[in-house]
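Let the sequences and hints guide you as you build the complete structure.
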Amino acid sequence: MSEATVHSGGIADHVHPEPEGFVRKYIFSIDHKIIGIQYLITGFVFLVLAGLLAEVIRVQLMHANGGFVSADTFNEVYSVHGSAMVWLVIIPLVTGGFGNFVFPLMIGARDVAFPWLNMLAFWMFPPAGLMLFSSFLLGAPAAGWTEYPPMSLQGAAGTSMWCAAIFLVGVSSTLTGINFLVTILKMRAPGMTFTRMPLFVWAQFATAPLSMVATTALAAALAALFMERQFGVPFYDPTKGGSPVLWQHMFWFYSHPAVYIMILPAFGLVSEIFPTFSRKPIFGYKMIAFSSVAIALLGFMVWAHHMFTSGMAPLLQLPFMVLTMLIAIPTGIKIFSWVATLWGGDIRFTTAMLFALGFIATFTFGGITGVFLSAVPFDLHAHGTYFIVAHLHYVLVGGSLMGILAGMFYYFPKMSGRMLNETIGKWTFWLFFIGFNGTFLPMHYLGLMGMPRRVAEYDPQFQQLNQVESIFSFVMTFALLLFFGNILWSIRNGKKAGPNPWGARTLEWQIPSPPHYYNFKHIPTVFSTPYDFAEPLPYAGLEEELTDSPGPQAGH
Amino acid sequence: MAVTTVPHAGVHDDGPDQLYVETRELRLQGFLLFLVSDVVLFSSFIFAYLYLRNTGNVWPPPGINRLDVAFAAFNSMVLFGSGCTMHYALENWKHNNFVKYAWCMIATIVLGAMFLGGQGYEYTTLYFRDHVSWGGSGIFGASFFTLTGMHGFHVAVGVVYLTVLLLQSLAGTYTKDKFFGLTAGTLYWHFVDVIWVVLFSIFYLI
Chain A
1 MSEATVHSGG IADHVHPEPE GFVRKYIFSI DHKIIGIQYL ITGFVFLVLA GLLAEVIRVQ
61 LMHANGGFVS ADTFNEVYSV HGSAMVWLVI IPLVTGGFGN FVFPLMIGAR DVAFPWLNML
121 AFWMFPPAGL MLFSSFLLGA PAAGWTEYPP MSLQGAAGTS MWCAAIFLVG VSSTLTGINF
181 LVTILKMRAP GMTFTRMPLF VWAQFATAPL SMVATTALAA ALAALFMERQ FGVPFYDPTK
241 GGSPVLWQHM FWFYSHPAVY IMILPAFGLV SEIFPTFSRK PIFGYKMIAF SSVAIALLGF
301 MVWAHHMFTS GMAPLLQLPF MVLTMLIAIP TGIKIFSWVA TLWGGDIRFT TAMLFALGFI
361 ATFTFGGITG VFLSAVPFDL HAHGTYFIVA HLHYVLVGGS LMGILAGMFY YFPKMSGRML
421 NETIGKWTFW LFFIGFNGTF LPMHYLGLMG MPRRVAEYDP QFQQLNQVES IFSFVMTFAL
481 LLFFGNILWS IRNGKKAGPN PWGARTLEWQ IPSPPHYYNF KHIPTVFSTP YDFAEPLPYA
541 GLEEELTDSP GPQAGH
Chain B
557 MAVTTVPHAG VHDDGPDQLY VETRELRLQG FLLFLVSDVV LFSSFIFAYL YLRNTGNVWP
617 PPGINRLDVA FAAFNSMVLF GSGCTMHYAL ENWKHNNFVK YAWCMIATIV LGAMFLGGQG
677 YEYTTLYFRD HVSWGGSGIF GASFFTLTGM HGFHVAVGVV YLTVLLLQSL AGTYTKDKFF
737 GLTAGTLYWH FVDVIWVVLF SIFYLI
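In the order they appear, the protein sequences are chains A and B.
Okay, so the first sequence: first residue is 1 according to the working numbering, each after it adds one.
Okay, so the second sequence: first residue is 557 according to the working numbering, each after it adds one.
Fair warning: there could be bad hints in the mix.
[What the hints assert, rightly or not] Some but not every residue of chain B turned toward chain A, in silico, with C-beta under 7 Å:
| id | residue |
| --- | --- |
| 1 | L575 |
| 2 | T579 |
| 3 | F601 |
| 4 | G694 |
Note that these hints are calculated values from the structure, not bench results.
This structure is a prediction, so every number in the text was calculated from the model and none was measured.
All C-beta atoms in this analysis are idealised placements derived from N, C-alpha and C, irrespective of residue type, glycine included.
Rendered as structure tokens:
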């Protein structure tokens, strides 16, 4: 205590005792960095499982009359594929994974506000995943990832399991949202005002209230569905006075903001990557930051655009259509700001940068088809077709997953102390980019020609394009295998990274890789935004971080 | 009861340390955000109830009597009364009156339990006399029992929580400067009160 009294003695100086033993260090850890990596590992394992389900879908669709699996199994496969990708892969990876690992370092904190709550939230996640995948044993949910009643009311027992699993992920997500919000509000290093926060922190700041508020609404919808299925309590069954449209309202009130839970952190990741590899300040810092908040706010007011075909007064359709189109404005601001950041920059085509550039291309494409779909007349035509499948995969795979891959290549050195192999990385990028576009670009055309989504067999005129898609999807899968192989190889054999292999300027790169359990020896003071590449680093108090001087004492 | 004043922090009484002050702020904010998410949970079910109610022409649906407003109003007064005693419990703690604090807490717990008893009486009357049940009475039973049941569950958790807080304060867990648990308990109890104001209005009054 006596040595540390030069500081305030507050939470910023508080250090947990060094964890001892394998279990406390790596399994039931309260260290945000370890929890972040736990989320990443678990999320990637689920990505492999859900990706295998995707390949089952693609193999089935190689032939117009299917034949690989039965139609019933096919329904189960795409339902679990969608649910798993949304709730077990993308959301945990971008919030729990990157959020946990990166943003407390970025704001100069020693941990999140509630480390034990963080551990609790993580340990709800693997059981939820096991429950969702094991629902195949009971007869998996088969009404798509949206599980609209009345179909979901008639589904096999696994549908109730699905409810419980998603409920559990939801609770985990709500707890994480509360934790992150308090951390960002209260635990920033001295001098780090809101307009000096790195953009990834802004992205998490906009995401946290979404995961907190919207997820709770989903929990209510799931609880009602569960009660109706298990105890016959009528909410959604029209024969007992319930309303299936009620589920759609409650589901989309969550699931539209969930889209932004999935994409905003990816925006944040690429907003860090562009200035670093352009060696140039980010263009329009405040606009990028505020547009995240604008997207989050607008995201709550547009849910019913998923329900244009569910029977809605035309007078109501109009505001939902206009509000949805408005979201294109803050999104466009971001995209133009990123492009302007690149303009005249000294661009370095690392793998992380390639993925971030690919992100701009594919996400913009997916975003624009989103504007198409917000228009009621077009939506009436495209609803329930492969156009929707194409759109959502462009924003979720081409957007979120590309952002995740960019983030992995960018942050792997910080997590492990070793670089990922760049040659394999570039192969990964090109194979993934080509495979991805080859798989999903033709779906736009198929959808406009009238191929419905969620069918096990289809009109033979669509077969040729479907075969093309399936072949490209194998390329994409191969790229992901390369990526996982790269991780497994590099974690032992990769080039030593050193503290700051990219010459980046945010706080997490000014400390050793991997960081000590206490993050910073002394909490730094911040003087400016991190992106002014012409200026010296805007931090004070980091002199001892890379030296051998002893770390801070536990307790204080 | 040997202690008659609220225990103080440390011998020197130099107030809570910096770490405690900042940790309390974090906890307070986290707890308020938890309450916000709980509000959303209730709001979602309230939305569901109003939505379903709006799909039919008459409410309550044919074959179901109107709820007994008089009894529920009495029961509400019991709950609101417990909100008052809870308020005085915290104030007395802050003003160092340990005995009054303890009696106010006991009153709050008893009133909370009375409210639960009243709700149990109401449920049994509805079930045995009017044959209204959770699963068997259409959207009326579904929305009424789900929402009031959720609220009742919150009250029950609150009663247990307040009992634990009372025992903790008897054991000396909290001091004049460090009593975040009591603050959280008070906030939670007021939250449960406010939710009941809304539920009472939408089920019994409109």
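Tested hints:
Checking L575 of chain B against chain A by beta carbon gives a least distance of about 6 Å; that is within 7 Å, so the hint holds. Look at T579 of chain B: its Cβ gets to within about 6 Å of chain A, closer than 7 Å, so that hint holds up. Here the hint on F601 of chain B is kept, as its CB sits about 5 Å from the closest CB of chain A, short of 7 Å. A distance limit of 7 Å between C-beta atoms decides the matter here; for G694 of chain B the minimum to chain A is near 4 Å, and the interface restraint holds.
The structure shown violates none of the earlier numbered hints.
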